[in-house]
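My numbering numbers the first residue of the sequence shown as 2 and each following residue consecutively.
Note that these hints are calculated values from the structure, not bench results. Some hints could be false.
What the hints assert, rightly or not - DSS-like mimics (lysine-lysine), calculated; alpha carbons at most 25 Å apart, straight line: (1) K7 x K254; (2) K41 x K54; (3) K272 x K10.
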Amino acid sequence: MANNGKWTKERMPDMEGKIAIVTGANSGIGLETVWALAEKGAQVVLASRNLEKGQAALRDIWADLPDASIELIQLDLADLSSIQRFVEEFLGRYDQLHLLINNAGVMQIPEHRQTADGFEMQFGTNHLGHFALTGLLLETIIRTPGSRVVTVSSVAHRFGSMDFDNLNAEQSYSPRGAYGESKLANLLFTNELQRRLKDADLDTIATAAHPGWTATNLQQHSSMLQILNRLLAMEPDQGALPTLYAATASEVKGGDYYGPNGFVEMRGYPKQVASNKLSHDQAFAERLWTLSEELTGVHYQWTKSEKREQAAESDHAIEVLSI
2 MANNGKWTKE RMPDMEGKIA IVTGANSGIG LETVWALAEK GAQVVLASRN
52 LEKGQAALRD IWADLPDASI ELIQLDLADL SSIQRFVEEF LGRYDQLHLL
102 INNAGVMQIP EHRQTADGFE MQFGTNHLGH FALTGLLLET IIRTPGSRVV
152 TVSSVAHRFG SMDFDNLNAE QSYSPRGAYG ESKLANLLFT NELQRRLKDA
202 DLDTIATAAH PGWTATNLQQ HSSMLQILNR LLAMEPDQGA LPTLYAATAS
252 EVKGGDYYGP NGFVEMRGYP KQVASNKLSH DQAFAERLWT LSEELTGVHY
302 QWTKSEKREQ AAESDHAIEV LSI
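Please model the entire structure based on the sequences and the hints provided.
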């Protein structure tokens with residue numbers, strides 16, 4: 002069990018026949034996630050903004066796993082048109098999606114910057130980009146038996162607050178505050194997505210994870226964090242474990258949140274952890290959801306799963322026979 006033992010990628014189930022998308026897949030936790038899924042037999046799509054770095058990631062994986070089923074599709078989560086192109090390209094090749102791992106992120110950008118669509122960069126990339134991507138892929142996800150959406154948050158969600166009057170940080174901007182807000186939004190999104198999946202009687206589940214303190218490119222904007230990385234941080238292969246657990250372990254339930262089991266969840270092996278009270282505020286989650294649909298133009302379509310359609314057909318047949 003994740004709560005009691007040292008769960009590692011060797012304990013992952015066989016992923017043969019599974020199709021996965023990992024965003025931010027060319028380095029850090031994303032790359033390690035791709036590597037582990039491919040090693041277990043999954044067909045993995047690396048979603049990467051930088052094609053050159055994405056190709057380098059493919060070469061590195063193939064050097065170690067020559068038979069890995071992996072491919073690269075460009076995705077810039079800070080550009081809604083890029084998200085649309087990615088989805089069109091993916092759906093042109095696949096009709097199922099077992100795992101969507103919303104991993105990509107930007108952290109504590111020193112100056113106020115905007116996405117291609119005018120959103121504050123951290124909120125726009127970390128939350129709105131993944132909200133749009135998930136929504137555009139939703140029909141395929143819920144059509145796939147046993148599918149999961151895993152969104153990577155952070156312990157930084159604890160210092161986030163949803164300032165709905167200043168989501169784009171036009172009135173004031175704090176690198177730390179904007180990052181915390183985007184990570185809180187990741188959890189509000191996960192919890193609301195799970196509620197809506199359950200209400201629609203779908204077997205897809207939404208979960209979340211955080212990597213503790215892991216040395217990645219996320220810390221590139223802070224010289225202090227880069228120094229502390231050398232002293233405190235885990236390596237990316239260890240930091241990816243909570244994500245991999247949330248994505249593959251059989252005991253995972255919708256709405257679960259996983260992180261490291263060590264001191265203040267900074268290091269260690271996967272366990273179920275608690276997020277703060279605000280992340281479970283349904284009124285906040287519903288408001289964020291409505292606003293996210295308005296800002297991105299992506300409106301989620303909740304359709305019956307094949308299982309429900311078959312059950313409905315069976316019920317109809319029984320009614321006809323009884324008449």
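Hint by hint, which ones does this structure get wrong, listed from lowest number up?
Checked against the structure, no hint fails, so every one of them is satisfied.
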